[in-house]
Amino acid sequence: MKLSKESVLGLIAIATILLMSLIAPGFLSSNNINNLMFQLPEFGLIALGMMVVIITGGIDLSITYIAALSGVGAALMLVNGYPIFLAILVAVIFGLACGAFNGFIVSKIGVSPILVTIGTWVLFEGIILAITKGQSISGFSETYSLIGNGYYMGLFPLSMLIFAFFVLVTGVLLNKTGWGRNVYMYGSNDVATLFSGVRNNRVVMKVYLYAGLLAAISAIIMTSRYNSVKVDLGSSYLLQSVAASVLGGTKIEGGYGKVMGTVYAVIIFLTLSNGLNLLGVHRAIVDVFIGVILISVLTLNFFSDKIKQKKETTKASKVA
Amino acid sequence: MSEYLLQMKNISKTFPGVKALDNVELEIKKGEVHALIGENGAGKSTLIKILAGVYTPDPGARFFFEGKEAEISKPLDATMKGISIIYQDLSLFPNLSVAENIYIGRDSHKKPWTKVKWNDIKKIANKALKELDMDIDASIPVEQLSIAQQQMVEIARALAFDSKLIVMDEPTSSLSAGEVEKLYNVIDKLKKQGISIIFISHKLKELFKVSDRFTVLRDGKFVGSYDAQDMTEPKLIQLMVGRNVTYEKNQATVEVGETIFKVNQLSKEGNFKDISFELRKGEVLGITGLVGSGRTELAQAIFGISTPDAGTIELYGKKLSIRNSAGAVKEGVAYIPEARQTQGLVLEQSVINNISLPIISKLKNKFRLTDRKQEVKLAEEYVKTLDIRPALPHLDAGNLSGGNQQKIVIAKWLSTKPKVIIFDEPTNGIDIGAKTEIHKLMRKLANEGIGVIMISSELPEILAVSDRILVMRHGRIAGELNVAEATQENIMHYALQGKSNGKAPTFVAESNQMSQGV
Chain A
1 MKLSKESVLG
11 LIAIATILLM
21 SLIAPGFLSS
31 NNINNLMFQL
41 PEFGLIALGM
51 MVVIITGGID
61 LSITYIAALS
71 GVGAALMLVN
81 GYPIFLAILV
91 AVIFGLACGA
101 FNGFIVSKIG
111 VSPILVTIGT
121 WVLFEGIILA
131 ITKGQSISGF
141 SETYSLIGNG
151 YYMGLFPLSM
161 LIFAFFVLVT
171 GVLLNKTGWG
181 RNVYMYGSND
191 VATLFSGVRN
201 NRVVMKVYLY
211 AGLLAAISAI
221 IMTSRYNSVK
231 VDLGSSYLLQ
241 SVAASVLGGT
251 KIEGGYGKVM
261 GTVYAVIIFL
271 TLSNGLNLLG
281 VHRAIVDVFI
291 GVILISVLTL
301 NFFSDKIKQK
311 KETTKASKVA
Chain B
1 MSEYLLQMKN
11 ISKTFPGVKA
21 LDNVELEIKK
31 GEVHALIGEN
41 GAGKSTLIKI
51 LAGVYTPDPG
61 ARFFFEGKEA
71 EISKPLDATM
81 KGISIIYQDL
91 SLFPNLSVAE
101 NIYIGRDSHK
111 KPWTKVKWND
121 IKKIANKALK
131 ELDMDIDASI
141 PVEQLSIAQQ
151 QMVEIARALA
161 FDSKLIVMDE
171 PTSSLSAGEV
181 EKLYNVIDKL
191 KKQGISIIFI
201 SHKLKELFKV
211 SDRFTVLRDG
221 KFVGSYDAQD
231 MTEPKLIQLM
241 VGRNVTYEKN
251 QATVEVGETI
261 FKVNQLSKEG
271 NFKDISFELR
281 KGEVLGITGL
291 VGSGRTELAQ
301 AIFGISTPDA
311 GTIELYGKKL
321 SIRNSAGAVK
331 EGVAYIPEAR
341 QTQGLVLEQS
351 VINNISLPII
361 SKLKNKFRLT
371 DRKQEVKLAE
381 EYVKTLDIRP
391 ALPHLDAGNL
401 SGGNQQKIVI
411 AKWLSTKPKV
421 IIFDEPTNGI
431 DIGAKTEIHK
441 LMRKLANEGI
451 GVIMISSELP
461 EILAVSDRIL
471 VMRHGRIAGE
481 LNVAEATQEN
491 IMHYALQGKS
501 NGKAPTFVAE
511 SNQMSQGV
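Residue numbers (the working numbering), protein chains in the order written: chain A, 1 to 320; chain B, 1 to 518.
A couple of the hints might just be wrong.
[Claimed, not checked] Straight-line C-alpha distance at most 20 Å; calculated SDA-like pairs for lysine to any residue:
1) A/LYS108 / B/GLY327
2) B/LYS330 / A/ASN200
3) A/LYS176 / B/THR14
4) A/LYS108 / B/ARG323
5) A/LYS206 / B/LEU369
6) A/LYS306 / A/SER236
7) A/LYS206 / B/ILE359
8) A/LYS176 / B/LEU369
9) B/LYS366 / A/LEU173
10) B/LYS366 / A/ASN175
11) A/LYS108 / B/ILE305
12) A/LYS311 / B/LEU369
13) A/LYS251 / A/LYS310
14) B/LYS366 / A/VAL169
15) A/LYS310 / B/THR14
16) B/LYS364 / A/VAL169
17) B/LYS49 / B/ILE86
18) B/LYS30 / B/ALA70
19) B/LYS444 / B/THR259
20) A/LYS310 / B/GLN341
21) A/LYS306 / A/SER4
22) B/LYS366 / A/THR177
23) A/LYS306 / B/TYR55
24) A/LYS5 / B/SER350
25) A/LYS251 / B/SER350
26) A/LYS206 / B/SER361
27) A/LYS308 / B/PHE15
28) A/LYS308 / B/PRO390
No lab work stands behind these hints: they were computed from the structure.
Okay, chain A solo, but in the shape it has when bound (with noise of 0.2 Å):
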């Protein structure tokens, strides 16, 4: 039987779980399991939005700090006295906004997404700083820290929960839609999707919108966890983000990605840097690790393809 490249990304993520429970003193305690289930879905949501947008050839430079206003957006409510649902619509309200700003610049003015979400991503940063002074904003009501903190029956984590079901969602739209198609083929050749009658645009659009959504989602995870928000929220998720989509497979150039595979790239990289702290590794070397890694995945992804391009061209003349 031969094994996608995603499947063989899920066998190294159970193999790098298994590795760390047997070196890592204290990676299987109930404590640090727990600690990693409640990172998982905040990096995971920011890497999924990213690679939604990485499949159209573009990339989102501005997500977190998309994820860093929507949370500021849901703090002024919250502290104002707002109910919590009023909190989250107001966060999803400004995620996509932001991503529909993204996307009305890349689709319909065609400047180069990473240009527009570096801009972007500057301009939020000042909107974030012009309303909170620099200041963190904090002291939110226990009902919505269980957003965050909470379980479901006691056992399972609520963000957990939430993560899963936009895994669903997005696995869903990617495959089962026609806009899903259509952000691949897009991704692939542009100009053959233009002559073939798809409104690029509107297919851009709704993705930066889609990014926008769960960098909102994100935020509301995130904000819930620490209890404050600061105009940081979640920035170390950026770069990560855009590794854990090209480590889980995504094409860089567009055309190829798959849910599955980002989510197993996310827990990789959450499992390799917990279990090193544990060890005691350094900060400075668990990042140099990692980067060792993402290169020679990249590498090796370089090598398959084109050993499946050669067999795929044997086959085709082979048959003809």
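Here the structure of chain A is known, so what remains is to put chain B in place on it, guided by the hints.
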């Protein structure tokens, strides 16, 4: 010394699954123009890339240069021997000056900190340009030059390198008639200097005009080398295709029905002006004209890729307002683009995904999600009815041959149930077998009541497929002919001189702008 400048023997090249060249030879005499000919896929480019050192041939290949055994295993080997290749899509640096482009590559063996000798660069460039009688300022960037001038810069570069052999790959494909004449003069001049030239072209008339000898390749095999004076056009065609192929002129008298499609006074500044025509049920409407006469621009405006400035389009009496390609598809207008690999297909996606591309949002199951089963079934049906090979719809489209790729594009549009299909150079780069199939398919679609418009530069194809022919010139319709009255000559007459001029057509030199071959 040997009379041959270059001899290549026992040249074979195997790609994964394909033998592109099988024991081919090529012998070039000093100071001759040698035509290398064959159909698309015959192995011409592979042979040239081996000569250039870009591809390594299979073991057993032997090269002789000026009578001595030589080795060409990397591009530098070829350059050092004085072999220059001028590729069809020129390989200049657009933002560097003419002089820099001519000089480039000479300093590559020097240490990186060597001072650049700008005066030498200018001197060398001006000398080479002068030899070609080219009046170009060597200090302006290449991107400001016309294609013909850029080509001359490439030739100047070859001269400046003291080339003994210059390969020209389809050098006239984007030149105007006057520029072609100029190129011929330059070729004559090079010949007199004892420089050999390998000339690749699909235009037989032109080959007969410039070449001293021919080497014919067919399906990667060596057919033979011949002196030009012993050769005739029909004989050459027969050698190329291995059988006597001339298209039958379309004789069928179709019963034309109601008007399907009507274009009225359509104009777009700088592209086309006052285009009016009707398309009736059952007929194939051919549109021809020289490259740059506005045919593709017209088709893309109808399809909504660009917006016309004025005029109307009607489909079955209903006025269309098409603002983008999605709108065109919705109305039932399909366009099969000339650039199959970039505009027609998503090469790295499967045949299935390509066929369902325009209708994917409509293929829904009861949960309103994509119905993959129906999608695969649809693709399999088209693979079967259009005989797409290999019949593996899960394969990436890029793995199929040109003819089969074109069939995928056609299948994609048939899936939308179009009312009108515009084929833009539908058989460009497709082998003769698939060509005939596509011709038959267009006829069949017309018989089934779909409006078929075919744009083509290839006159035999136009005559073989169309019932009515529009000839475009400088963005206007210069003439309309029924196939019964049409000949290559009177089409060319319209294409070159327009309708007002009643004189007998004289276009021997110009006619090579349109393909006269198979």
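Would you check the hint for A/LYS310 and B/GLN341, treating anything up to 20 Å between C-alpha atoms as holding? Holds. A/LYS310 to B/GLN341 sits at ~19 Å (cutoff 20 Å).
Regarding the pair A/LYS311 and B/LEU369, is the alpha-carbon distance no greater than 20 Å? violated (32 Å)
Does B/SER361 sit within 20 Å of A/LYS206, going by the straight-line distance between their CA atoms? holds (15 Å)
Within a Cα-Cα threshold of 20 Å, do A/LYS5 and B/SER350 meet the stated pairing? This hinted pair holds, its Cα atoms lying about 18 Å apart.
Can the restraint linking B/LYS366 and A/THR177 be considered satisfied, given a maximum Cα separation of 20 Å? holds (13 Å)
Measure nothing beyond the straight line between the CA atoms of A/LYS108 and B/GLY327; if it is 20 Å or shorter, mark the hint as holding. holds (17 Å)
Does the structure keep A/LYS176 and B/THR14 at a Cα separation of 20 Å or less? violated (41 Å)
Check whether the Cα positions of B/LYS366 and A/LEU173 lie no farther apart than 20 Å. Status holds; Cα separation ~16 Å.
Please work out if B/LYS330 and A/ASN200 have their alpha carbons no farther apart than 20 Å. holds (15 Å)
For B/LYS444 and B/THR259, compute the direct alpha-carbon distance and say whether it is at most 20 Å. Answer holds: B/LYS444 to B/THR259 is near 18 Å, not above 20 Å.
Please work out if B/LYS366 and A/ASN175 have their alpha carbons no farther apart than 20 Å. At roughly 16 Å apart (the allowed maximum being 20 Å), A/ASN175 and B/LYS366 satisfy the hint.
Taking 20 Å as the top limit, are the C-alpha atoms of A/LYS206 and B/LEU369 close enough? Holds, at roughly 17 Å.
This entry does not satisfy hints 3, 6 and 12, going by the numbered hints stated previously.
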